[in-house]
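Colleague: Sequence:
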Amino acid sequence: VARRRGCLLAASVCDGLYTSGPELLQPDRIHLSAAGQRLLAARLARALAPQWNVDVAALEEHLARLGLTE
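When the letters of the sequence shown are read in order and numbered with this note's numbering, they come out as residues 1 to 70.
Rather than coming from a laboratory, the hints here were simulated on the basis of the structure.
Careful: at least some of the hints might be erroneous.
Pair ranges (Cβ atoms, derived) [what the hints assert, rightly or not]: (1) VAL56 with ALA35: 18 to 24 Å; (2) ALA47 with GLY67: 18 to 24 Å; (3) ALA64 with ALA34: 16 to 22 Å; (4) SER33 with ASN53: 16 to 22 Å.
Please read these numbers as outputs of a predicted model, since none were measured by experiment.
Glycine is no exception: its CB is placed at the ideal position from the N, C-alpha and C atoms.
From just these sequences and the hints, can you work out the full model?
Modeller: The following block contains the structure:
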């Protein structure tokens with residue numbers, strides 16, 4: 001259950017950056033295309049996964065549904 005919750009938390013961070021990226025990334029300081037913002041969000045979720053005890057396979061499945069595979 002904790003791993004599933006961690007996956008949902010990482011996925012929500014990824015989704016939040018995906019939808020709110022321009023505001024969160026301060027576009028006046030960081031200039032990223034929409035695709036760059038999505039890749040950054042996916043990398044952030046992957047980087048946080050071990051700390052949040054995330055089911056990495058489920059996270060990768062979620063990111064794949066968003067089209068964020070590496």
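Colleague: Tell me the numbers of any earlier hints that the structure contravenes, in ascending order.
Modeller: Number 4 only.
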